[in-house]
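Q: In the order they appear, the protein sequences are chains A and B.
One rule links them: number in the numbering used here = place in the first sequence (from 1) + 14.
One rule links them: number in the numbering used here = place in the second sequence (from 1) + 14.
A hint or two may mislead.
[To be verified] Computed list of lysine to any residue pairs in SDA-like fashion (alpha-carbon distance at most 25 Å, straight line): (1) LYS101/A / SER20/A; (2) LYS127/A / LYS340/B; (3) LYS127/A / GLU129/B; (4) LYS68/A / LYS340/B; (5) LYS340/A / ILE382/A; (6) LYS350/A / ASN411/B; (7) LYS199/B / ASP18/B; (8) LYS339/A / ASP353/A; (9) LYS339/A / ASP72/B; (10) LYS345/B / GLY346/A; (11) LYS151/A / LYS340/B; (12) LYS273/B / GLN185/A; (13) LYS69/B / PRO359/A; (14) LYS222/A / GLN185/A; (15) LYS147/A / GLN357/B.
It is worth saying that the hints were derived from the structure and are not from the lab.
There are 2 protein chains.
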Amino acid sequence: MAKDFSTRAENYAQWYNDLVIKADLAENSAVRGCMVIKPYGYAIWERIQAVLDKKIKDTGHVNAYFPIFIPKSFFSREASHVEGFAKECAVVTHYRLKNSPDGKGIIVDEDAKLEEELIVRPTSETIIWDAYKNWIKSYRDLPLLINQWANVVRWEMRTRLFLRTTEFLWQEGHTAHATREEAVKEAETMLNVYADFAENWMSIPVIKGTKSPAERFAGAIDTYAIEALMQDGKALQAGTSHFLGQNFAKAFDVKFLSKENQLDFVWATSWGVSTRLMGALIMSHSDDNGLVLPPKLAPIQVVIVPIFKNAEQLSLISDVILPVKKALEAKGISVKYDDRDTQKPGWKFAEYEFKGIPVRLTVGPRDIEQGTVEVARRDTLEKEVLQIKDIENKISNLLDQIQKNLYDRAFAFRENNTTRVDSWKEFKEVLDTKGGFISAHWDGTSETEEKIKAETKATIRVIPFNNVLENGSCVFSGKPSTQRVLFARAY
Amino acid sequence: MAKDFSTRAENYAQWYNDLVIKADLAENSAVRGCMVIKPYGYAIWERIQAVLDKKIKDTGHVNAYFPIFIPKSFFSREASHVEGFAKECAVVTHYRLKNSPDGKGIIVDEDAKLEEELIVRPTSETIIWDAYKNWIKSYRDLPLLINQWANVVRWEMRTRLFLRTTEFLWQEGHTAHATREEAVKEAETMLNVYADFAENWMSIPVIKGTKSPAERFAGAIDTYAIEALMQDGKALQAGTSHFLGQNFAKAFDVKFLSKENQLDFVWATSWGVSTRLMGALIMSHSDDNGLVLPPKLAPIQVVIVPIFKNAEQLSLISDVILPVKKALEAKGISVKYDDRDTQKPGWKFAEYEFKGIPVRLTVGPRDIEQGTVEVARRDTLEKEVLQIKDIENKISNLLDQIQKNLYDRAFAFRENNTTRVDSWKEFKEVLDTKGGFISAHWDGTSETEEKIKAETKATIRVIPFNNVLENGSCVFSGKPSTQRVLFARAY
């Protein structure tokens with residue numbers, strides 16, 4: 015299984031790509047930059063979707079669906095949005111094909127040219143606000159709290175499975191509010207939903223904060239983000255939530271009559287997470303033996319491998335182990351019993367280790383005699399022998415332990431890879447040797463941020479929420495600064 | 015609510031459109047032919063999705079995701095598929111926009127022209143079989159049982175909300191098998207899944223059968239379908255399942271090594287249902303008072319409307335009724351308690367009636383004194399007064415009754431609107447006066463079928479499974495026939 019699989023130390027990027035392919039998570043398709051999400055990868059995404067969808071609904075939102083196409087002119091309506099989004103995108107210009115006159119295949123029918131080109135949505139603010147214009151008349155229609163699960167397309171030049179693909183899957187929330195305060199609070203609420211999901215379900219510790227103006231969403235007043243640190247010391251933005259002010263309301267003329275009978279533009283937010291989370295999940299926990307999954311998102315949490323030489327032995331094992339499987343399933347644990355005789359136990363061990371199944375139980379004829387079972391944890395690769403009669407009670411607990419251990423490990427890694435830096439020399443040194451987050455003073459200007467990026471490829475990941483204010487001098491310009499911000503190279 | 019709402023008798027098409035808009039199910043967007051599925055409509059679709067997804071998984075399938083774009087040349091690979099699908103579709107020709115030199119908006123960047131145009135998927139056989147080529151090597155890889163939930167685009171000239179839209183949502187299953195028999199069985203299994211869903215969840219009786227060659231899916235050997243009859247006497251194809259033979263395996267060169275070490279092309283099926291089901295749902299049950307929903311698919315099954323003049327009265331009612339709500343919810347019933355004081359009871363009655371909530375409970379101060387509640391059924395519009403203490407036990411039963419009543423009503427309608435016809439004169443008369451399904455002899459030729467369609471717009475909906483064989487003469491040509499088939503005008 016794991017032969018010709020790169021180690022992380024050898025080549026992290028290659029390790030990542032090998033892992034995604036060999037663990038059957040995703041692969042490249044015939045269309046440049048577009049991936050196929052394979053069943054095992056999609057099953058993890060379905061778990062992510064199900065949990066997030068519930069959290070989004072529990073915070074008062076409902077789902078809807080808006081068109082995949084956006085008229086080209088819509089992008090020009092919001093001045094900064096057009097700069098950010100209407101460039102590298104898929105443009106539909108025609109609506110018909112016809113048989114080629116030479117009889118060889120089909121060609122575009124030039125008579126079927128669209129009057130106005132359509133853009134495959136890179137994000138849906140414009141088409142959604144065009145609809146909201148008719149939905150919002152009075153304060154009674156507010157807040158409008160809508161989410162959409164959809165595919166989006168951004169024509170990326172360099173793509174990497176899950177991390178940056180031309181087409182990706184995501185959810186995008188788009189809300190409208192009567193007041194600025196309520197909209198800001200909504201943007202914060204949703205960032206907290208994302209942070210809670212990342213930490214308690216994905217076992218990924220994240221830092222919540224505000225983006226610098228240069229890193230803001232095109233059209234936003236403020237962008238909040240959760241940032242995670244990957245094993246190679248690069249940061250990954252795992253979710254964003256935007257306070258859009260009245261920008262889109264003004265661009266699409268969406269006004270409401272307040273309780274006081276005043277006509278005013280509504281206040282907006284948007285927020286999203288995407289299949290990029292799959293990349294974060296992989297790069298936070300996996301190792302040189304393959305994928306490592308937090309139990310709460312693992313499609314299969316426990317795999318049982320019987321060791322048998324003949325049908326009689328298998329039957330003895332099954333008699334004992336199938337009731338255990340049933341008992342575990344009754345507790346909501348997903349269990350796979352792999353009793354195939356077409357593959358050897360060693361092949362199965364390698365397979366399930368590579369695919370990151372959190373717990374493996376192995377049972378042979380001698381175990382049955384002794385009433386024991388071997389329990390192997392994927393996160394630590396530790397094994398222990400337990401009494402079969404105890405399994406039912408111990409597995410839930412073990413899954414919780416693994417979930418927590420993955421978080422603790424990732425948290426310790428981040429702590430060890432966050433460095434306070436006070437000089438430009440040190441900044442560059444740390445970045446090139448150790449990587450990770452660098453906590454440094456910044457003078458607050460986009461000019462300095464740009465220069466730092468140009469020289470080092472490091473960007474300001476976030477200005478953490480509730481940041482400690484302290485006087486200092488900018489690590490680059492030496493100008494006065496009131497706080498440290500987090501720099502890193504990033505995915 | 016229902017003012018300026020057409021009745022079915024006045025104008026069925028207008029009634030349908032009004033209902034979809036006024037019940038907040040969907041609306042047209044700024045993009046021609048593309049709809050916005052509004053939250054209430056989407057909530058129904060989510061119920062449909064959840065139930066179908068479980069049924070699809072329970073029959074052994076897993077979900078995956080394939081690219082939205084298909085290289086143009088892929089369509090030419092399967093000869094009949096290209097004729098059926100590569101014509102009216104959205105064609106992506108460019109991947110970049112740029113600022114217009116005149117400073118007015120953005121234009122397509124002619125330097126960013128794709129070498130090969132991409133088609134927004136109208137269906138995914140080709141891109142999926144291109145992937146399967148690498149996934150299938152041996153009989154051990156079979157059967158491959160995959161489903162995808164996705165959006166697809168077909169450039170329709172005349173569109174109608176849910177029934178025929180340029181973009182629509184659907185699921186498409188694509189399976190590969192080692193033998194012809196297994197693939198045929200799979201296609202039948204999935205048609206049965208659709209029929210079970212239509213009848214037991216949507217309360218829509220359907221006829222299962224085979225399509226005539228003229229109505230077959232482009233690229234299929236056989237197309238099975240479920241056909242339902244709408245209230246206006248037109249048929250609606252509610253789901254299809256295709257036996258594709260080895261056509262796509264040959265087009266994309268997908269071979270497997272059998273147990274006997276023979277290399278052979280695999281056998282395939284594909285099957286799908288779409289947001290069109292929403293149209294079937296609406297047109298099967300709804301009436302001149304608005305939407306009628308089968309309880310199993312209703313996002314809100316029970317609405318409770320308190321009648322109160324002041325906060326004190328409301329508080330008295332809430333004290334009694336909130337425990338009832340909780341008890342119902344504990345049974346898995348979705349309940350909305352609308353205690354808003356911003357809308358009058360009459361408005362609420364009209365609103366929930368129009369939106370098809372299966373059961374409405376009304377409780378006023380006198381009811382509380384007497385321990386009673388008024389229960390109104392949406393399907394029959396009947397009301398009865400029940401003891402509050404009995405509500406908890408009676409509502410489940412009532413919801414089941416409504417579910418069954420809707421089916422029985424639709425079944426009786428179909429029975430009354432299926433006519434055996436033995437002459438061409440009668441055929442045309444029945445079609446123009448009564449509509450519905452016409453059971454008539456057909457000589458089995460596409461030529462006759464085409465002529466019937468040209469003259470009457472009626473098509474063969476299905477040749478029912480297990481059709482009774484009987485000698486007769488074709489209703490149109492007079493030639494010998496061995497069986498009756500079902501004709502109808504259709505959506």
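Q: To test your reading of the hints: which numbers does this structure violate?
A: 1, 2, 6, 7, 11, 12 and 13
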